[in-house]
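Colleague: Put chain H on the given structure of chain D with help from the hints.
So the protein sequences, as listed, match chains D and H.
So for the first sequence, numbering that gives the first Met the number 0 puts the first residue at 0; every next one is plus one.
So for the second sequence, numbering that gives the first Met the number 0 puts the first residue at 0; every next one is plus one.
FYI, nobody ran anything at the bench for these hints, they're computed from the structure.
Be aware that one or more of the hints could be misleading.
Okay, derived cross-link-like pairs now, PhoX-like style, lysine-lysine, Cα gap no bigger than 25 Å in a straight line [as the list claims (entries may be wrong)]:
1. D/Lys141 x D/Lys158
2. D/Lys158 x H/Lys89
3. H/Lys196 x H/Lys164
4. H/Lys196 x H/Lys284
5. H/Lys196 x D/Lys7
6. H/Lys164 x D/Lys28
Distance ranges between label pairs, derived from CB positions [as the list claims (entries may be wrong)]:
7. H/Leu238 x D/Arg42: 37 to 45 Å
8. D/Pro38 x H/Lys52: 55 to 63 Å
9. D/Gly107 x H/His263: 52 to 60 Å
10. H/His122 x D/Asp153: 36 to 44 Å
11. H/Asn64 x D/Lys7: 23 to 31 Å
12. H/Asp95 x D/Gly107: 14 to 22 Å
13. D/Arg42 x H/Trp287: 31 to 39 Å
14. H/Pro77 x D/Pro35: 39 to 47 Å
15. H/Ala186 x D/Thr9: 34 to 42 Å
16. D/Ser151 x H/Asp56: 34 to 42 Å
Virtual Cβ for every residue (Gly too), placed ideally from N, Cα, C.
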Amino acid sequence: MNKASMSKLTPTPGQTVGPFYGYALPFTKDRELLAPGSPGSIRLQGVVYDGAGHPIPDAILEIWQADAEGNVPHHTGSLVRDGYTFTGFGRSAVGNTGVFTFTTVNPGPTDDDAAPFISVAVFARGLMNRLFTRIYLPENEKALAADPLLSSLDPERRKTLIARRDADGGLTWDVRLQGEGETVFLDFEGSSK
Amino acid sequence: MPEEINLEIYNADPLTEDVSDEATKAAPKTYASGVPAGDTAAESQADLSAEMKALGDAYAQALRNGAPAEIQPRLDYPPYRSSVLRHPTKDLHHADPETIELYSPAFGHMDVHALEADLTIQHNGEPLGERIVVSGRVLDGDGRPVAGQLVEIWQANSAGRYIHKRDQHPAPLDPNFTGVGRCITGADGSYRFTTIKPGAYPWKNHLNAWRPAHIHFSLFGQEFTQRIVTQMYFPGDQLFPLDPIYQSIVDQDARDRLVATYNHEQTKPEWALAYNWDIVLTGSKRTWTENEALGEAGDDNE
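Isolated chain D (complex conformation) (with noise of 0.2 Å):
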């Protein structure tokens, strides 16, 4: 049964996160979901672009993943880091330039064949809602060719949503809000089609 229809309640509306989130949203070691340099740790970086392909400064990334062994991460502490516990959580402004980072680890498959992915919430100034999408890991082809997702989308748009891998093992996975090479945005609620 799908439990979406279940649904009693309507949901409450989102608005932008407008401009001024800069004081409020970002905290400390925010995008380090473990310390820079740590067995494992890979850079995860791109750049947030509008429909004229221009950067744009005023963008705000959150990251959720499962751990290097594709265990989804149950622990408290993503806000006060302890340096040790994998929260799977991170947040990343974007800079003047557009880019923004995280520190973190390749994310395990959460079943034996699945393709493994980051879930990845946008918000920006102007962007009157956050969408949703995912960054896939580039390497299991056989996975990401069984991926329900990635299947049910032509080879340009899917694309958009396999991260490349930097030559220093870390990932480069862009955002475009609009227009050509346009990320696919996620909606999850009611039934597939």
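Modeller: For chain H alone, kept in the frame of chain D given last:
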């Protein structure tokens, strides 16, 4: 807490709300005597109001023709000029949430100190303005309380000024008010903040554009798909019909869900006015364990 403000972000280049946008490049950068200089290029409120009215009328007509009510803001809402290049033009792609998306980051009292819910005690003195208590519950779409989760708020001071350096509104900063709060919801999904009623805030979407008084709210549910950031408004604000951000929600019932209710019973004599606002997240997509269904607070035992 104020001492943890990220100064790199706080000290970013001064920039008013829309100065970086093509649409308002010609907008005035300085105010003198409260009147923008060189405002000939700015669009008038009448222009914007006409655009908003046309979109509202079209929605009302669509409703009469049997279209479903729209419960979220439109991502494509041109009267909010900054949205023009910042909304996806393709439909959101339906996905069934999987694994990680069916769970939420966990927050607890090691993340948030109880005092962070009082925005009036973060400095040595009392902030200026109308002291208020804002409380309510966070529920999911099935009516279940969202227990043990993070609520973050930020807002302008009583003069309508944000502490953010990018806010160049020539209203006073209040040395006793930062405007940032956090709390962890109770077992019944309840939250409660003590703060100051924010002032209306001028921005440069168009000439003489003013935001209704609002408090920004950031909420987590029990699943990442329930994550939202929104704004709470105060009842009876005369700026509602003029504001493109509020009006980006074209449905009146949906707009009403962002407006708090004044509660005189909870108002504290000689102390603070009380407002109530409940927040409903989307429905759960996950099969809950018995403990979760009983509303057990989050993993907070460390």
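Colleague: Could you tell me which of the hints above the structure violates, numbers in ascending order?
Modeller: 4, 5, 10 and 15
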